[in-house]
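Asks: Listed below are the residues making up each chain.
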Amino acid sequence: MTLLRHLAAAVVLGVVLVLLTIWLDPFRQYQIAEIATYVIAVAGLTALVGLSGQISLGHGAFMAIGAYSAALLLLHLHWPLAAVLVASTVITAASGAVVGVAAARLRGPYLAGATLLLAVALPSLALSDPSLFGGDQGLTVAVSTPAFLGPSFPPTRWQAWLTCGCALITLVLLANLARSRIGRSWRAAGDDEVAAALAGLNVARLRVLAFVVSAACAGLAGVLLAVTTSIVTPGAFTLTLSIALLTGAVLGGLGSLAGAVWGSLVLILVPTYVMDVATSHGLSSSAGSNIPVVAYGVVLVVVMLLFPDGIQGGLVRLYRPLAARVPRPHWRGRARRDTAPPAAPAPQPRASASEHQEEGSI
Amino acid sequence: MNRSHRVALPAVAATAALALTLSACGSSGGSSSGSKSTALTASAPGITATTITIGSHQPLTGVAAPGYDEIAPASNAYFDYVNAHGGVDGRKIVYKYLNDQYNPTSTVSVVKQLVLQDSVYAIFDGLGTPTHLAVAPFLNQEKVPDVFVASGCECWNNPTGWPDTFGWQLDYVREGKILGTYIKQHFAGQKVGYFYQDDEFGKDGVKGLDMEIPKADVVSRQSYDPTNINVGPQVAALKASGAKVIVSFTVPAFTALLKLNSLKLGFNPTFVVSDVGSDPITLAGLLEAYAKQGGAKVSGNALTQGIITDGYLPTLADTGNSWITLFKMIHDKYIPKLPFDGNVLFGEAVAYTFVQAMLKAGRNPTREDLVKAIEAGMPQGPSVAPYAYSATGHSGMTGAYMGVIKNGVLVQQGPVLTTTTAPTSPVATYTGSAPAAPSSGMP
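Those protein sequences? They're chains A and B, same order as listed. The first sequence begins at 6 in the numbering used here and counts up by one. The second sequence begins at 11 in the numbering used here and counts up by one.
If you are wondering where the hints come from, they were derived from the structure by calculation, not from laboratory data. No residue lacks a Cβ here, since even glycine has one placed at the ideal position from N, Cα and C. Worth double-checking, as some hints may not be accurate.
Beta-carbon label-pair distances, calculated as ranges [what the hints assert, rightly or not]: (1) Val73(B) x Ala107(A): 26 to 32 Å; (2) Gly113(A) x Pro243(B): 34 to 40 Å; (3) Val73(B) x Ala292(A): 29 to 35 Å; (4) Gly305(B) x Asp134(A): 35 to 41 Å.
Every beta carbon over 10 Å from chain A, so not counted as near; a handful from chain B, in silico [as the list claims (entries may be wrong)]: (5) Pro114; (6) Thr139; (7) Ala246.
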């Protein structure tokens, strides 16, 4: 049932996105591709942080692994794009397993520190062998629009389709995973490790698995970033990117896949929109170029003040009192939730985050 | 040149009035072809009857911003001046430059915005080698003129692969040859050390240097990664090699770090620095700022004293030069808050070249007309040496003069030298004379 509902939602969303990409101009199509790319990475991260309770400040590095793998496979082995997508995701998942094994032994700030190291150090590896990785200039990724779409098909629309397709598949898989036994175990281990272990869960294995899934998402996002920007450079995968991904997950609502979408929308659209407003109001370039950073900070502070559990958490909180007044159609099959007190304020942030995950997943 | 004859009727009245005003203004745009009475049309994306919209990517924040963030406002100041004096054939230039933070991925994003959303006519003066390399294929695929890239990479000269991309400033290979020739002549037989940025910028420079300096004289080759400011080991290696002359292909921040680290080690060679890393005002400011962070107080001008470098635009010290007078006047009027330094001079000079090219491209130019106009050759303008533009060559300036920094200003030493990027072609004295700036300030 759950799988069917998620698939149906994905199909509806997919149709809306296809219509949007036909209706919007090429730059908006490109932005949709950018957003979809971020959604994949943020969704993976939100599953890691929000469900399994592990933090990662190094997801930018996983994106770099995916992107460089894809670039090298395309450049040297000339693999078809679909194979490159799968292979790079698998490679990144494997690297996630390695990091995950180390991460499973670390907690809180130590884990943050270790993953931070990854974010800082890994992109510099690209500089160590310029003949292979192209140094500062990176590698060019040339992926042309597939022939069956015709010669005049806009490349931005194709990229939007590709990224949105990947994003929808990722979201469906993650949503199902989150509702499966594994997802419940992650939540159990994330909420109280000792209790989970006493209940017979292999906490270390669960934690490594969360890292693998999350890294795979980041890797896939990395490949798509490489394909849409047609270049891979170390400059793209700075610490700023890793922090931005985490910011996206927190802004949207930790542990919520819908939150990952909200967070990505904010990450991509706010800076561009604010920059446009700033330039059209004739702000000097030195002020105007710093405004997006300010706006980003303001949005972060405001969201955290108003909705401590992110945009999705806030929406759910606004929606619940309304929904309580409207008789719920029986086919939505949420009998369990009807028994819950409608607008009860969440007593603990952790508990509320996991609850929203169930409600918020698509 | 053949123009599009599509004339939107409602536009005729308005544009005819504009055209009349324009001829009355007596703009000296002698190179523009076609009759002045031809109505102005929206002949290409980004061009309307009243405006030409162009875009650029610039590092307005981040590591590359200090100094380089003055370039786009300076170009804009020149465009403001042109707009206030009748514009380009009556059209006003709208210059939209976006911040890419010197990050190639952001460059892709902002350039896509400029081309796909804002429909700019051309990308002008996009700054940086790694950043611009990320968008050059896209711009050429979309056939957007990609003119006067703010980078001396030899890679912009690729008319078959990238027919719409043009360099402007003296490329680093030519510059390396000119600096190398000077070292060969003035420091014959002395030990030479290289210090260069580990990317196309530094490598192109070294390529040029190696064409001139005998291999046996080069005792040490040290490179740096622009994201790592610890250059102590490299400077120690240069000192240990016993080099008496250090040639440095560096950005300003690393020229300053090289100088300060040498000072710390009591290493006092002659420094020969490439143009991009040697603007005396930027350098003095950086030296003082870095020394202050380290708890020391230094005089920036004292430390830059005696640095040998080259210049491809007139030196700011030459206050009698007509170009310096013109650009100083525009600076004082439109951007008085910025220092009048090498970056501002660069921005204004490249903007001047763009206006020259637009006037050559004709009254109602298509994108292709601009490319054709530049390929037909460009008048020299503020550059001290002629441009190399042709259908088979897309690099810009061909030469520079050597100079020494004295009391915080670059003083020219000797004549302008020109060369090509070919290993065998000699560095020769330029015998022509540089044109003076037009009194109107308009090309």
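Asks: Each hint: holds or not?
Replies: Here is how each hint holds up against the structure:
Evaluation of the 26 to 32 Å hint for Val73(B) and Ala107(A) yields a pass: the beta carbon distance comes to about 31 Å. At roughly 36 Å, the beta carbons of Gly113(A) and Pro243(B) sit within the given window of 34 to 40 Å. Taking the beta carbon of each, Val73(B) and Ala292(A) are about 20 Å apart, not inside 29 to 35 Å as hinted. Checked against the hint of 35 to 41 Å, the pair Gly305(B) and Asp134(A) passes, with Cβ atoms roughly 37 Å apart.
With a minimum CB-CB distance of about 4 Å to chain A, Pro114(B) fails to clear the 10 Å threshold, and the non-interface call is violated. Its beta-carbon lying about 7 Å from the closest one in chain A, Thr139(B) breaks the requirement of being farther than 10 Å from that chain. The non-interface label for Ala246(B) is consistent with chain A: the shortest C-beta to C-beta separation is roughly 21 Å, beyond 10 Å.
Violated hints, listed in ascending order, are 3, 5, 6; each of the other numbered hints is respected by the structure.
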